[in-house]
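**Q** Chain by chain, the residues:
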Amino acid sequence: MNNRLKVLRAERNWSQAELAERLGVSRQTVNALETGRYDPSLPLAFKIARVFDQAIEAIFLED
Amino acid sequence: MTTKPMNTRTIIALCVGGLALMLILPFAIAFVAGFMQGYAGKEPDIGSAVPAIVSPLIVGAMVTALIVTLVWMRFIDEAAREAHKFAWYWGGLSGLATGGVFVILATLPQAAAFDAQAMLGVRDDPAAYMALGATLLAAVMTAGYLVAWAAWWLRHR
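Residue numbers (the working numbering), protein chains in the order written: chain S, 1 to 63; chain X, 1 to 157.
You can take every hint at face value.
Using 30 Å as the maximum straight-line C-alpha spacing, the simulated DSS-like pairs for lysine-lysine come out as follows:
(1) X/Lys85 x S/Lys47
(2) S/Lys6 x S/Lys47
(3) X/Lys85 x S/Lys6
If you are wondering where the hints come from, they were derived from the structure by calculation, not from laboratory data.
Turn these sequences into a full structure, and let the hints steer you where they fit.
**A** The structure is reproduced here in structure tokens:
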């Protein structure tokens, strides 16, 4: 899946480490999510949506 | 599993501790086994007791390693967990397929010419050949795991 994580993170001037801290995951996981190497689990997807205050469908896009 | 991931310091401490355990324990067990075997050379009556004395240590080491990996898998985050699962499946499977070729070749009559004692300096008895084969298969599977794990993290980078 594609996602807008990098764009949303950049809009808020957060580093990958900062986003990782907010999500409770490692920086490597945030990198893996942004580069499309890994799709998050449902609980993590919901957490991401909460952090960015957006719907999951607005963040994650089907290929 | 949605447990909170460990911070970097804890992860490093667990890595170092786990590595130290995995490096020190085999040497400790080998030392005890060697000491006991040497002692058995002088006191033949104790020779038969060496496996009984060393076995609990080996079992203890394996149980410890399993507990360490259980704690490790529980506390790393989901992407790291996914990388390990991917690596174990594809890397282990590839290693098994590779090692399996040699296992099948070893069943051929021509394999009887393989002299492990001359080539590798190991004992020349069936148990030693079994241990050598199992060790080599485990090594190939571990190598496959490491390659797959690295590939998971490096792809699309």
